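Protein chains: 2
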Amino acid sequence: MASRTAATQDDLRRHNRARLLRRLHESGAATRSELVAFSGLNRSTVGVLVSELAEAGLVREVPGSAGQVGRPSLVVQPTPDSAVVTAVDLRVDRTVVALVGLGGEELWRREQVHERAGFTPKAAVRSLLNLLKQALRQAPDDSVWVGIGIAVPGVVKHPDGLVRLAPNLGWSDVPLVELVRAAVAKHFGASPPVHVGNDADLGAVSEHVRGVGAHDQNLIYLSGEVGIGGGIIIDGRALVGAGGFGGEVGHMVINPNGVTCRCGARGCWETVIGRDAIVTAAGLSAADHDVSDVVAAASHGNAEAAEAIHQAGEWLGVGIANLVNLFNPEVIVLGGHLRLLLPLVGGTVDRRIERALPAAREQVRVAVPALGGDSSLLGAAEVAFEDLLNDPITVLGRSAHARGA
Amino acid sequence: MASRTAATQDDLRRHNRARLLRRLHESGAATRSELVAFSGLNRSTVGVLVSELAEAGLVREVPGSAGQVGRPSLVVQPTPDSAVVTAVDLRVDRTVVALVGLGGEELWRREQVHERAGFTPKAAVRSLLNLLKQALRQAPDDSVWVGIGIAVPGVVKHPDGLVRLAPNLGWSDVPLVELVRAAVAKHFGASPPVHVGNDADLGAVSEHVRGVGAHDQNLIYLSGEVGIGGGIIIDGRALVGAGGFGGEVGHMVINPNGVTCRCGARGCWETVIGRDAIVTAAGLSAADHDVSDVVAAASHGNAEAAEAIHQAGEWLGVGIANLVNLFNPEVIVLGGHLRLLLPLVGGTVDRRIERALPAAREQVRVAVPALGGDSSLLGAAEVAFEDLLNDPITVLGRSAHARGA
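So the sequence lines, in the order shown, correspond to chains A and B. Under the numbering used here, read the first sequence as residues 1 to 405, first letter to last. Under the numbering used here, read the second sequence as residues 1 to 405, first letter to last.
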């Protein structure tokens, strides 16, 4: 359990500079006094580090609102048009790309719908490159492009970003990081670092950094799609596991006498709360309908749809109670179609959670994402900023201007 | 996700000194060159820090075995009789106490059997104090007593060590840290810090630090007793959760149509792999028999016992497959009576793990504890050393001599 933190004086200075920038990026503007309190550093050290960040253009100091007496104190802000990332959410039916500035501001976005059938890795990269070109034309003058983050509905290997399996895209063992980096480098002359992550993992990141779990250290994000993905934050850090494959909550067996899952096991959680399970249970065709159709039918008095939703709520509660016992989180965030279900089955879910052990269940709440349908996209932006936030000056120095790219 | 590491120069020096001592404590003797390679510090800094630790008596430099040519180089060793801890494993039927020296060497141990009926918190503390007195009489001259660690078969709150619930001891909401600290202070005049932890959590710690998972970053330890506890290490750190209540794997529901658990839910994992479940399934009385009796009966050809073991193996595999999908660990360690089962049901378990997702299952192995039945006891020793390992010189300075205590 040896520590891996930095050991030399240079490391320390870099580390403290990085901590201040991360604080400003994640939680917004702060006075120097607030940064002193946050960091435990003395005032003059904070002054030097802020000046270095300001000189690099990453932050600026502007007058804040006046206090009760005296002059308004200066406030240190992250500069959104200094460093930008491009964030990508690769979905089964569309690709969403956003340009995001330092501090988390979304500067521009575009969606492109695709047919699942022809959406091979090659086609995906071509479409992605096209969207990136559009994004960078919107980048602020003088901004530098520090990263590309991509959310994928599949199992992604850590740390190399290999897409091991994305069943709903029909992909397996796709070296997406290399494909995107090569395509970007070919077109733009160089590529910033490319980060690929599982969509639920990235949903967890953004909801933890600036969403419904911003004040929590232990969060589980459930992505409800055809499958059920999970992103898990423990003590402020993403659960990675031996190879990046943790968090596969959809394949937690909770009913060994249930139906066979597409993974081969029986009674996986996603066989009872996945999209197709709910749509089929409501008597609809999974090819043509979505959970929103089931919700609409139930609201018009369709008893089969209402029962399908109720059953999904029961199973949702059983699985959530398991996660409460295993992880003792402060918050469980229901994304995707689970977001639609929660208002309808909240009571059922709560009743099931009552069966978890008291100590843990008293500390948990179940919530919908604060970032709506954008959790994965904005999580992709966060990981794309990671290099900059770990070592601001060095990374800024080696990055290309976005407009010139 | 702000970092919480130290920020000032003093912090840095203390931090590096602590890293070196932790390395020596956890992994044993090393040359200065090895410490340079390990720490990333330069040779002269390592020299200064080692000298400080040597001056404090925590390490000593002795000639190592000769290399291929030239003189033998000096080896830095932790000094086992410089700082000691007392480690306690509070079991349902006995209390085990050990005196452990820096570097993890067990210097002395004693067990005291008790009747479960009269084993109230008060009786436990009295018995414990008596064992601690015996332990300290065996402490090396001049050694200092830096901590007490206690493993408890129950749910323990973090960080205050309140025993929320220990069903098999019949305890609830017992402030064990304060009770022990007060009793020790009353007798000895002062008390070192007292740490109380769940037995499975502490089993995970010792198997990670110096056991079967010493080279792994992600480990799950299962304690098989009446209940099934879980201790989980993720990326080298213990899973704590919001209040220290994570890892309750025994109450993962895996068969909602199964029998009712003592926790009130139906089909918890421990209803099918807990001690009583296996003993009862074999047609024996849970009050008078243990899993070892079932194993013995099966080895003598008792078909009911053999079937009970086979069924336990199936359910063991179902639950382990879930943990593989959720956590992607390198190793799952089977403690307690599960240790007896593994040789008999390894094939069944493997077949069930085959149903976990390929990416994660390819990285996991299932093992028995390297520390045998002592995992929890030695984990209690490790947490008792934590304060010293985080800040050696300061903690040594304020600790009392063990023999004088």
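It is possible that part of the hints are untrue.
[Said to hold, decoys possible] Under the rule of at most 16 Å between Cα atoms (straight-line distance), these lysine to aspartate or glutamate pairs were calculated in the EDC-like manner:
id : chain 1 : residue 1 : chain 2 : residue 2
1  : B       : K157      : A       : E362
2  : B       : K157      : A       : E330
3  : B       : K133      : B       : E115
[What the hints assert, rightly or not] A few chain A residues facing chain B, derived, Cβ under 8 Å:
id : residue
4  : D10
5  : L12
6  : V113
7  : N218
8  : A242
9  : M252
10 : G264
11 : V318
12 : F327
13 : Q363
14 : V366
15 : A367
16 : D391
[Unchecked claim] The following residues of chain A were derived to be distant from chain B, with all beta-carbon distances above 10 Å:
id : residue
17 : L41
18 : G47
19 : T79
20 : E105
21 : Q138
22 : K157
23 : R164
24 : W171
Think of the hints as simulated: they come from the structure by calculation, not from any bench. Every value quoted in this text rests on a predicted model; they were computed, and no experiment measured them. Each residue gets a CB set at the ideal place from its N, CA and C atoms; glycine is no exception.
Status of the hints after comparison with the structure:
Restraint check for K157 of chain B and E362 of chain A: satisfied, since their Cα atoms lie roughly 13 Å apart, inside the 16 Å limit. Using a Cα cut-off of 16 Å, the hinted pair K157 of chain B and E330 of chain A holds, with the two alpha carbons roughly 15 Å apart. A C-alpha spacing of about 21 Å is found between K133 of chain B and E115 of chain B, which places the hinted pair above 16 Å, so the restraint is violated. Against a cut-off of 8 Å between C-beta atoms, the interface hint on D10 of chain A is violated, since the closest Cβ of chain B lies about 11 Å away.
The restraint placing L12 of chain A at the interface with chain B holds, with a minimum CB-CB distance near 6 Å, inside the 8 Å limit. Restraint check, V113 of chain A versus chain B: the minimum CB separation of about 30 Å is more than 8 Å; hint violated. Hint status for N218 of chain A relative to chain B: holds, with the closest Cβ pair at about 5 Å, below 8 Å. Nearest Cβ of chain B to the Cβ of A242 of chain A: about 4 Å, under the 8 Å cut. The hint holds.
The interface hint given for M252 of chain A is met, as the beta carbon of that residue sits about 5 Å from the closest beta carbon of chain B, less than 8 Å. At about 6 Å, the closest approach between the beta carbon of G264 of chain A and any beta carbon in chain B falls short of 8 Å, and the interface hint on this residue holds. For V318 of chain A, the interface hint holds, since its Cβ comes within 8 Å of a Cβ in chain B; the closest pair sits about 6 Å apart. Interface hint status for F327 of chain A: upheld, as the beta-carbon distance to the closest one in chain B is roughly 5 Å, under 8 Å.
For the restraint placing Q363 of chain A at the interface with chain B, the shortest Cβ-Cβ distance is roughly 4 Å, inside the 8 Å limit, so the hint holds. Evaluation of the V366 of chain A hint against chain B yields a violated restraint, the C-beta minimum of about 14 Å exceeding 8 Å. Checking A367 of chain A against chain B: minimum C-beta separation of about 14 Å lies over 8 Å; hint violated. About 13 Å separates the beta-carbon of D391 of chain A from the nearest beta-carbon of chain B, more than 8 Å, and the hint is not met.
Chain B draws L41 of chain A into its interface by the beta-carbon criterion, the shortest separation being 5 Å against a cut-off of 10 Å. Annotated as non-interface, G47 of chain A keeps its C-beta farther than 10 Å from every C-beta of chain B; the closest such distance is 15 Å. With a least CB separation of 20 Å from chain B, T79 of chain A remains clear of the 10 Å interface cut-off, as annotated. The non-interface label for E105 of chain A is consistent with chain B: the shortest C-beta to C-beta separation is roughly 19 Å, beyond 10 Å.
For Q138 of chain A, the condition that its CB be more than 10 Å from all CB atoms of chain B holds, with the nearest at approximately 28 Å. A Cβ of chain B approaches the Cβ of K157 of chain A within 10 Å, the least distance being about 7 Å, so the stated non-interface status is violated. Residue placement check: R164 of chain A does not keep its beta carbon more than 10 Å from all beta carbons of chain B (closest about 5 Å). The Cβ of W171 of chain A sits about 13 Å from the closest Cβ of chain B, beyond the 10 Å cut-off, so the non-interface label holds.
Of the numbered hints stated above, those contradicted by the structure are hints 3, 4, 6, 14, 15, 16, 17, 22, 23, listed in ascending order.
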